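2 protein chains.
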Amino acid sequence: MEIVERLLKGDVKALSRLITYIDDGKPEALKAIAELYPYTGKAHIVGFTGAPGVGKSSLINLLIKELRKRGKTVGVVCVDPSSPFTQGAFLGDRIRMVDLSLDDGVFIRSMGSRGSLGGPSRSTRDVVKVLDAFGKDYVIVETVGSGQVDMDIVQVAHTVVIVLAPGLGDSIQALKAGIMEIGDIFVVNKADREDADKTLYEIREMLDLKPVEDGWVPPIIKTTVVDGRGVEELLQAVEQRMEYLKKNNLLVLKMKQMMEAEIMNILKLKLASRVSDLEKTDGVLTEAVAQVGAKQMDPYTAAEKILAKINLKKAV
Amino acid sequence: MEIVERLLKGDVKALSRLITYIDDGKPEALKAIAELYPYTGKAHIVGFTGAPGVGKSSLINLLIKELRKRGKTVGVVCVDPSSPFTQGAFLGDRIRMVDLSLDDGVFIRSMGSRGSLGGPSRSTRDVVKVLDAFGKDYVIVETVGSGQVDMDIVQVAHTVVIVLAPGLGDSIQALKAGIMEIGDIFVVNKADREDADKTLYEIREMLDLKPVEDGWVPPIIKTTVVDGRGVEELLQAVEQRMEYLKKNNLLVLKMKQMMEAEIMNILKLKLASRVSDLEKTDGVLTEAVAQVGAKQMDPYTAAEKILAKINLKKAV
Chain A
0 MEIVERLLKG DVKALSRLIT YIDDGKPEAL KAIAELYPYT GKAHIVGFTG
50 APGVGKSSLI NLLIKELRKR GKTVGVVCVD PSSPFTQGAF LGDRIRMVDL
100 SLDDGVFIRS MGSRGSLGGP SRSTRDVVKV LDAFGKDYVI VETVGSGQVD
150 MDIVQVAHTV VIVLAPGLGD SIQALKAGIM EIGDIFVVNK ADREDADKTL
200 YEIREMLDLK PVEDGWVPPI IKTTVVDGRG VEELLQAVEQ RMEYLKKNNL
250 LVLKMKQMME AEIMNILKLK LASRVSDLEK TDGVLTEAVA QVGAKQMDPY
300 TAAEKILAKI NLKKAV
Chain B
0 MEIVERLLKG DVKALSRLIT YIDDGKPEAL KAIAELYPYT GKAHIVGFTG
50 APGVGKSSLI NLLIKELRKR GKTVGVVCVD PSSPFTQGAF LGDRIRMVDL
100 SLDDGVFIRS MGSRGSLGGP SRSTRDVVKV LDAFGKDYVI VETVGSGQVD
150 MDIVQVAHTV VIVLAPGLGD SIQALKAGIM EIGDIFVVNK ADREDADKTL
200 YEIREMLDLK PVEDGWVPPI IKTTVVDGRG VEELLQAVEQ RMEYLKKNNL
250 LVLKMKQMME AEIMNILKLK LASRVSDLEK TDGVLTEAVA QVGAKQMDPY
300 TAAEKILAKI NLKKAV
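So the sequence lines, in the order shown, correspond to chains A and B. Per numbering that gives the first Met the number 0, numbering of the first sequence is gapless, rising by one per residue and ending at 315. Per numbering that gives the first Met the number 0, numbering of the second sequence is gapless, rising by one per residue and ending at 315.
Source of the hints: derived by calculation from the structure; they are not laboratory data. Heads up, some of the hints might be wrong.
Same chains, same label: a pair holds when it works inside one copy or across any pair of copies.
Keeping only pairs whose Cα atoms sit at most 30 Å apart, straight-line, the calculated BS3-like set for lysine-lysine is [what the hints assert, rightly or not]:
| hint | residue 1 | residue 2 |
| --- | --- | --- |
| 1 | K294 | K253 |
| 2 | K279 | K304 |
| 3 | K209 | K64 |
| 4 | K304 | K197 |
| 5 | K246 | K308 |
| 6 | K267 | K71 |
These figures come from a predicted structure and were not determined experimentally.
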């Protein structure tokens, strides 16, 4: 495809257009991704997640500048609907972004969150691939979960950075359940606040309870956006994490897990789209709901009947 | 099935055993649910969701007592791993629970959260059905999301109660995205705290921005667990919500949506289990990951190939 050739030659307009195709769900996007796929796998994908208001975007901004100083190129995908990258930016953020948008080495794109409440949607995964194939050294994904943290980010990113801020009260407690499992690096942003050390201590306490699975002990880094304190340290941690993954043969394993999650995700989407097609032609779902509603059938049997009608083999 | 007959006669031991079967994923559970299905659809299913620490369990405890005073029977399913119903109960909670556990009209069961981080899993949905078929007037589901609120509760419950507490700082802001859409009733618990009114005001402000879709304006209720203030009001709101759904023909619509969501959920699980079977016999997923990893294939094509191998028609 022409768009793929142009993109691979470094044409930013082609990159931008393909991402729009992806966001709009156009069929040519899929074809392009298939063609681009062999060129992926070189970027370091770093996920940033945390509650709105902790300062993820400002932090990413500073990190990008640090990366640019070292000559690295960066792509950013925002899935946080409340992110200043997306909308509702404070003036300061806007200025900083314009700043970045004039830089050829940086490409920032916000995604619509389409029902999935901020988690990395299908299209986000695809945009990450495209930015990777385009040749960006780093692809940063900014995302927020239904509550505070997006757990699915682990399926998309090599390195997961959890950003917290002091003064969120009970919220660290609230995050306990899953956050410790997925975080590779923890950041206490707004570290100039007086209760920053308390937050840091709470994170450390919880990390101490976590079994160290792959030998990596997640660093906790204090950052301040105003003066950029801690940002260089954060970048070092990100680089160390990647080195660690490579050195211990964990990167291959991680990429396998990510691919498996991705294939399963696509399978489920394909199933949903087949059911949706069958609903349009035969009203299978309407019929099933009617029968289940009338207690003529339980939902398991109804699902089996729909599966029987989907001859997936034929559809391929 | 014998267990179904006994359960329908009101045998609590049979109820308890079937729930254990469900939790353990035993095949006979599915058969029993299919047999019980015609007896479901009578209970009012009320979901309680909110961050750990806001006092959901204590509030549910008081609500149960209020319901019992009125002669209503209650089933409770806890999916919150941090719930005192589940573990780590404070002594006070334990005593209150023992209190309830001696009451024939109340059945409380905690579910393992099995990877889904607190959201209503397959088994939770099934336990709700079983408690409904058993004849409970009310089935209460206590759940917590990956962050703070479990968005999927809307697929399970007729009425969704969002429990908040003052002093959670930025967290209400954080919840903005989806919470307003799914909450039918809002509770500000720990209303004796001085900043309770601030929290109430913030919720009201956000609700004002929400388009009123079905004409229902979610009430915001202040409760205090210590003296039980507001609990009767909460129960009234729960009952009013159900009356509203019935009167405006919304209950039928809601139940249709819930059934559709349930059937799609089962379909996806069935797909995953077929893939897992094919992985065991043919290593389809391992092969796909290897090919995708070697860049011989993109993930979409790999997913198509797996779909082609799943002849679902045959498997039924």
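Quick rundown of the hints versus the structure:
no. : hint           : result
1   : K294 with K253 : between (45 Å within a copy, 16 Å between copies)
2   : K279 with K304 : both (16 Å within a copy, 25 Å between copies)
3   : K209 with K64  : neither (33 Å within a copy, 38 Å between copies)
4   : K304 with K197 : neither (56 Å within a copy, 52 Å between copies)
5   : K246 with K308 : neither (49 Å within a copy, 37 Å between copies)
6   : K267 with K71  : neither (36 Å within a copy, 41 Å between copies)
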